[in-house]
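**Student:** Sequence:
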Amino acid sequence: MSSTTTTPAVRHVPRWLSLPPLVAIAVLLVYPTVFVVAASFTRTTLARPLQEWTGFANLTSALQTEAFAGSLVRTVVFAVGAAVLATAIGTAVALLLRARGGGFGVLGTLLLLPLVTPPVMVGVAWKLLLAPAGGALTSTISSLVGSPVNPLGSSGTALGTLVLIHVWQWTPLVVLLVFAALLGVPDELLEAAALDGAGALRTFTAVTWPVVAPTVLSVLFLELVVGFKVFDLVAVVTSGGPGLSTVVASFEVFRTGLRGDYDVGTAAAMTLVLGLLVGVVTAGVSALRTRAARAES
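Quick note on numbering: the UniProt record's numbering labels position 114 of the sequence shown as 114, and the sequence is numbered without any gaps.
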């Protein structure tokens with residue numbers, strides 16, 4: 001009997017069906033990227049883009065701007081601080097939930113509420129809670145310490161307060177992903193560690209951590225990226241104040257390109273610098289994640 005070779009149906013799919021996603025990628029990714037790069041080296045305003053070639057003038061102007069230089073420092077502090085805190089707290093909570101046994105449970109589901117709340121609503125809610133006059137949280141803290149407090153009104157505490165709000169919002173994502181990774185830890189290994197008399201810390205370092213390390217580092221990478229691109233929280237809660245104490249790089253790009261002189265060229269150059277900074281900072285975490293993944297395999 002002769003065998004019949006069946007051609008996969010996918011080979012008969014017309015090639016033109018791939019055009020819609022290719023067009024979407026070009027419109028949503030390629031074109032904006034090309035425009036930002038082009039605007040960085042030309043005199044560009046909101047009304048008149050790509051007027052004339054300026055070389056590195058926009059980049060020089062961006063780097064010499066004191067407000068932008070300060071915003072880069074604040075961005076690194078915000079992103080690294082928020083990522084480390086959210087990852088550490090989220091991992092600890094995931095371990096506690098896993099120690100309870102069973103699934104994610106009602107408690108775990110409730111912990112996800114900040115994550116599913118729109119960022120603008122998160123900002124509005126915390127701005128009301130921390131209002132210097134009548135804010136529920138500030139009133140409670142003031143009564144406990146015996147003096148008025150205004151975390152968002154002081155340049156020394158405003159950025160740290162935004163970090164804590166950001167951690168409150170994004171820690172549930174860490175909990176969800178790390179908890180899922182913990183489900184992949186073989187029960188046999190945990191039982192063997194218990195029979196060998198290993199304590200909780202020894203069991204975590206020798207059994208649990210090697211399995212979940214790639215996930216934890218991936219989450220840390222994700223949290224870093226989210227922290228670097230934060231904008232809505234700053235815009236809603238502090239608008240960059242008091243003074244410039246909470247102006248992060250993304251907000252400075254917004255101020256430069258869409259306020260005042262509408263200097264889109266300089267704002268585009270700032271965007272390139274920010275992208276380079278994000279790449280440098282996250283490259284280390286990405287390398288650690290790759291090493292942890294290889295060690296696990």
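Quick caveat, the hints were computed from the structure, so don't treat them as lab data. Every value quoted in this text rests on a predicted model; they were computed, and no experiment measured them. Treat the hints with care, since some could be wrong.
Label-pair distances were calculated between CB atoms; the ranges are [what the hints assert, rightly or not]:
#1 92 - 275: 31 to 39 Å
#2 106 - 56: 55 to 63 Å
#3 22 - 202: 51 to 59 Å
#4 92 - 48: 51 to 59 Å
#5 88 - 148: 29 to 37 Å
#6 202 - 32: 24 to 32 Å
#7 29 - 136: 29 to 37 Å
#8 27 - 124: 29 to 37 Å
#9 133 - 295: 52 to 60 Å
#10 52 - 14: 40 to 48 Å
All C-beta atoms in this analysis are idealised placements derived from N, C-alpha and C, irrespective of residue type, glycine included.
**Student:** Using the beta carbons of residue 92 and residue 275, state whether their distance is inside 31 to 39 Å or not.
**Tutor:** holds, 32 Å
**Student:** Against the range 51 to 59 Å, how does the distance between the Cβ atoms of residue 22 and residue 202 compare: consistent or not?
**Tutor:** holds, 53 Å
**Student:** Go ahead and decide if the range 29 to 37 Å is satisfied by the Cβ distance of residue 88 to residue 148.
**Tutor:** Check passed, 31 Å falls within 29 to 37 Å.
**Student:** Starting from the range 40 to 48 Å, see whether the pair residue 52 and residue 14 falls in it by beta-carbon distance.
**Tutor:** holds, 44 Å
**Student:** Given the range 55 to 63 Å, decide if the beta-carbon distance of residue 106 to residue 56 lies inside it.
**Tutor:** holds, 57 Å
**Student:** Within 29 to 37 Å: is that where the Cβ-Cβ distance between residue 29 and residue 136 falls?
**Tutor:** violated, 43 Å
**Student:** Is 52 to 60 Å a correct range for the gap between the Cβ atoms of residue 133 and residue 295?
**Tutor:** holds, 54 Å
**Student:** Is the hinted range of 51 to 59 Å satisfied by the C-beta distance from residue 92 to residue 48?
**Tutor:** holds, 53 Å
**Student:** How does the Cβ-Cβ distance of residue 27 and residue 124 compare with 29 to 37 Å: does it lie in that range?
**Tutor:** holds, 32 Å
**Student:** Within 24 to 32 Å: is that where the Cβ-Cβ distance between residue 202 and residue 32 falls?
**Tutor:** Since the Cβ atoms of residue 202 and residue 32 sit about 50 Å apart, the hinted range of 24 to 32 Å is violated.
Violation of the numbered hints given earlier is confined to hints 6, 7; the remaining hints are satisfied by the structure.
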